[in-house]
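There are 2 protein chains.
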Amino acid sequence: MNNDSSSLIVAELAEWIARAAPGVQLASTRELVARFEASPVTVQKALRTLGARGLIETRPGVGTFVRSSRMPQPLDFDWQTAALHGTPPPGRSASAMLRVAPQGAIALHSGYPDRSLLPERLVRAALARAARTDAALARSAVSGLAELQSWFARELEEATPNGVTPPSANDVIVLPGSQSGLIAAFRSLVTPGRPLLVESPTYWGASLAAAQAGVLVVPVPSGPNGPDPTMLDRAFEETGARAFYAQPNFANPTGAQWDGELTQRVLDVVRARGAFLIEDDWAHDFGITSNPIPVMARDDGGHVVYLRSLTKSVSPAIRVAAIVARGPARERIHADLSASSMYVSGVLQTAALDVVTQPAWRSHLRGLRQQLRARRDLLIDSLTEHVPLAHLTSVPRGGLNLWVRLPDTTDVAQLVAECEQSGVLIAPGVEWFPAEPSGQFIRLNYAGANPESFPQGMRVLGEVLERVV
Amino acid sequence: MNNDSSSLIVAELAEWIARAAPGVQLASTRELVARFEASPVTVQKALRTLGARGLIETRPGVGTFVRSSRMPQPLDFDWQTAALHGTPPPGRSASAMLRVAPQGAIALHSGYPDRSLLPERLVRAALARAARTDAALARSAVSGLAELQSWFARELEEATPNGVTPPSANDVIVLPGSQSGLIAAFRSLVTPGRPLLVESPTYWGASLAAAQAGVLVVPVPSGPNGPDPTMLDRAFEETGARAFYAQPNFANPTGAQWDGELTQRVLDVVRARGAFLIEDDWAHDFGITSNPIPVMARDDGGHVVYLRSLTKSVSPAIRVAAIVARGPARERIHADLSASSMYVSGVLQTAALDVVTQPAWRSHLRGLRQQLRARRDLLIDSLTEHVPLAHLTSVPRGGLNLWVRLPDTTDVAQLVAECEQSGVLIAPGVEWFPAEPSGQFIRLNYAGANPESFPQGMRVLGEVLERVV
Numbered sequence: 042m043n044n045d046s047s048s049l050i051v052a053e054l055a056e057w058i059a060r061a062a063p064g065v066q067l068a069s070t071r072e073l074v075a076r077f078e079a080s081p082v083t084v085q086k087a088l089r090t091l092g093a094r095g096l097i098e099t100r101p102g103v104g105t106f107v108r109s110s111r112m113p114q115p116l117d118f119d120w121q122t123a124a125l126h127g128t129p130p131p132g133r134s135a136s137a138m139l140r141v142a143p144q145g146a147i148a149l150h151s152g153y154p155d156r157s158l159l160p161e162r163l164v165r166a167a168l169a170r171a172a173r174t175d176a177a178l179a180r181s182a183v184s185g186l187a188e189l190q191s192w193f194a195r196e197l198e199e200a201t202p203n204g205v206t207p208p209s210a211n212d213v214i215v216l217p218g219s220q221s222g223l224i225a226a227f228r229s230l231v232t233p234g235r236p237l238l239v240e241s242p243t244y245w246g247a248s249l250a251a252a253q254a255g256v257l258v259v260p261v262p263s264g265p266n267g268p269d270p271t272m273l274d275r276a277f278e279e280t281g282a283r284a285f286y287a288q289p290n291f292a293n294p295t296g297a298q299w300d301g302e303l304t305q306r307v308l309d310v311v312r313a314r315g316a317f318l319i320e321d322d323w324a325h326d327f328g329i330t331s332n333p334i335p336v337m338a339r340d341d342g343g344h345v346v347y348l349r350s351l352t353k354s355v356s357p358a359i360r361v362a363a364i365v366a367r368g369p370a371r372e373r374i375h376a377d378l379s380a381s382s383m384y385v386s387g388v389l390q391t392a393a394l395d396v397v398t399q400p401a402w403r404s405h406l407r408g409l410r411q412q413l414r415a416r417r418d419l420l421i422d423s424l425t426e427h428v429p430l431a432h433l434t435s436v437p438r439g440g441l442n443l444w445v446r447l448p449d450t451t452d453v454a455q456l457v458a459e460c461e462q463s464g465v466l467i468a469p470g471v472e473w474f475p476a477e478p479s480g481q482f483i484r485l486n487y488a489g490a491n492p493e494s495f496p497q498g499m500r501v502l503g504e505v506l507e508r509v510v
Numbered sequence: 042m043n044n045d046s047s048s049l050i051v052a053e054l055a056e057w058i059a060r061a062a063p064g065v066q067l068a069s070t071r072e073l074v075a076r077f078e079a080s081p082v083t084v085q086k087a088l089r090t091l092g093a094r095g096l097i098e099t100r101p102g103v104g105t106f107v108r109s110s111r112m113p114q115p116l117d118f119d120w121q122t123a124a125l126h127g128t129p130p131p132g133r134s135a136s137a138m139l140r141v142a143p144q145g146a147i148a149l150h151s152g153y154p155d156r157s158l159l160p161e162r163l164v165r166a167a168l169a170r171a172a173r174t175d176a177a178l179a180r181s182a183v184s185g186l187a188e189l190q191s192w193f194a195r196e197l198e199e200a201t202p203n204g205v206t207p208p209s210a211n212d213v214i215v216l217p218g219s220q221s222g223l224i225a226a227f228r229s230l231v232t233p234g235r236p237l238l239v240e241s242p243t244y245w246g247a248s249l250a251a252a253q254a255g256v257l258v259v260p261v262p263s264g265p266n267g268p269d270p271t272m273l274d275r276a277f278e279e280t281g282a283r284a285f286y287a288q289p290n291f292a293n294p295t296g297a298q299w300d301g302e303l304t305q306r307v308l309d310v311v312r313a314r315g316a317f318l319i320e321d322d323w324a325h326d327f328g329i330t331s332n333p334i335p336v337m338a339r340d341d342g343g344h345v346v347y348l349r350s351l352t353k354s355v356s357p358a359i360r361v362a363a364i365v366a367r368g369p370a371r372e373r374i375h376a377d378l379s380a381s382s383m384y385v386s387g388v389l390q391t392a393a394l395d396v397v398t399q400p401a402w403r404s405h406l407r408g409l410r411q412q413l414r415a416r417r418d419l420l421i422d423s424l425t426e427h428v429p430l431a432h433l434t435s436v437p438r439g440g441l442n443l444w445v446r447l448p449d450t451t452d453v454a455q456l457v458a459e460c461e462q463s464g465v466l467i468a469p470g471v472e473w474f475p476a477e478p479s480g481q482f483i484r485l486n487y488a489g490a491n492p493e494s495f496p497q498g499m500r501v502l503g504e505v506l507e508r509v510v
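Top line first, the protein sequences correspond to chains G and U. For the first sequence, the numbering used here assigns the number 42 to the initial residue and increments by one for each residue that follows. For the second sequence, the numbering used here assigns the number 42 to the initial residue and increments by one for each residue that follows.
Each statement offered as a hint is correct.
The list treats identical chains as one, so a pair stands whether inside a single copy or across any two.
With a straight-line cut-off of 25 Å between C-alpha atoms, the simulated SDA-like cross-links for lysine to any residue are: (1) K86 to A338; (2) K86 to Q66; (3) K86 to G104; (4) K86 to A55; (5) K86 to T206; (6) K86 to L303; (7) K86 to D117; (8) K86 to R71; (9) K86 to D300.
No wet-lab data here; the hints were simulated from the structure.
Build out the structure end to end from the sequences listed, making use of the hints.
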């Protein structure tokens, strides 16, 4: 260490200042020169260092004083602008979608089901039981709780047809929410700088995850019936991509569900291209007039990597999801997750498993189906009655959202802002497009707000739309 | 869609197969040609597609059969090797450090304290209470629970000296474990492809996080007294780096604690270079003969970004940590986290806050201090007695580890393997070096194993070391 005399003076004075009262005056430079037997230059240098450390302040013509923390002084972070290189943060922020609605607002913007749709009694009992288990004090394995891995594997096995080998519990890795799984899958299967095909529109969280993983998003158009396999094949050929991210069941935002033929044709394309289908089965528990069959149940060639979350259906406080993959892909994802999220709280895993293995979970899901159906239909009726200019792209057979097309002349940003001023929160469609939007859209969530507010919400939307169209 | 005749045959046969029993024979190609009024080429193409889908299998000279899932058939994932481009996974896997010790082994390799060192009663009661709160069913804000943010801010405020403005609750973002905070800080403050200075040796999780964030790690030598500020300054100058990651209190693995003068000199370098100090205060609750004072408490210029975790001291099942940053840096980190981890389970946040605000938490920490001291001293005594070839680099004033230098001729990998065969798990020092190790080291954790096993563990280590040196 370089113990020059200026540093020694700094050290001694700093120690004195730490014990001094704020506002106390320091000895003069002349006195300090004498006390430390140093040159005035050395003393001045020491005082400058103390000033830069925020320990003292000089009042010109008066003297030098111990700085007071009471003294209001704006903090200066200007230097950060240079240090951060002006690079914009990767991707858009999720804050808009995740923001908490103000009291009294009709919240049709968020993707989370209302508390009345959650299995409250099961969740509270499961958490209380988990608090008494060993899981409350232990670290979990990176792959997760063995019994929970098995539960996820069994759910897939039940959907697996004759002749296809279902994934095993060992192919399952438990996640702290599916976002970390998306990032891990994109980073380890696509690798930074390489292309990833995604449906357009698609879940905004996937676009954020792609930006975080540093992969290049290539949109493939997808409508109310899902993507066109011919366009998908062309996109693989053009870009050399080796992975396609999609939500085959009740896609967010369109609500599209792939039929059996489309599923097979997409699988054929993916297999022929030696590629992965990253299947995000986000709405597995939210079927209304149709049951979702995971595409992964039809593939044992390791082409499908499957994501399944319990966060939205069990409780947003029980952030537990799983990623299922086979072969080297599973190893890559496992290595990535062991370095990023490391492991999932055993309490949350134990509670999640407890909830989904209770007999009451099945009956809860049946009731949820009825409630989602009633909510969906009421919102559609209100939309049809009060917003004649809107076009519902399709009646979703599951999921939580309506995908609504507006006249091409609509200023959607203004629509969203004016609706918010009138207490109605809606989500602008542009958030779901990885590139330019193919039209003017909004997404309306029927799971979050009180259904009694739907007619009023749609009345406001209809009135504002008339103005901004 | 392209409904060519081959696709139609595939669709019809696939439907038939789904209902057929495994092992049933399909009609012959001739019969299929007749039934579908198609050419033999078209029928063959359809059968190839069905084969590729794993629905049928052809036994040459016998016929074509519905594939049976019972039939053991090795799955073939060879194609993935090409799709994954042979790119190695980013960074090393954490599995070695996170692996669970086999029953009966003396586990000196892991970084997690034994259950007997955790506040078990407080944790169970806090989780049970949290299960009854609104937090059990609600989504948390991205920044975290306001009361928990305040608690983290208050802890820093209490350490902040006169004349320095302490961070506010708004500067705190709650994390699901500090690993996600490291990745977010590296990605948003350093940005991919740019240099990050780190102590060498340093926490292996930081090296993993740097690889995940795509930043380039530049090691700065650090010994039992911490890094040399002159070398640090030179590394900033040489590389143009704008950030330095360090553990100023009880560094993992060396146990080093920066003294007041070194802290100031590092801060002076960091300020002069317009850079960030990313301070990982991992062992804040693990002081033994010294109390850790966060470096952040001495800076209100936004130069220090501070990480503080409760996972190791409260419970590994309550994965809650915080990152504290000010100015644009805080905004960048917040945006990154909202896209990666999104939010932390409200149940875990509520339980963590409950534990650390109980009066019994303070007395628990006092008892923990005594236990860590006894464990540390017993392991040092056992090491000194049974492993005369080992050199303890310093007696740590806090933390959970001894950093032990071995003779330069030691084959550490063989040492670790042979110790494991004799039931003693130790961690090879190479894991903590971001580049080449500067010598032969092992890390011995005194917080995980039963202290009664320390003499036996060191006897084994001593015997094996004699053989492999």
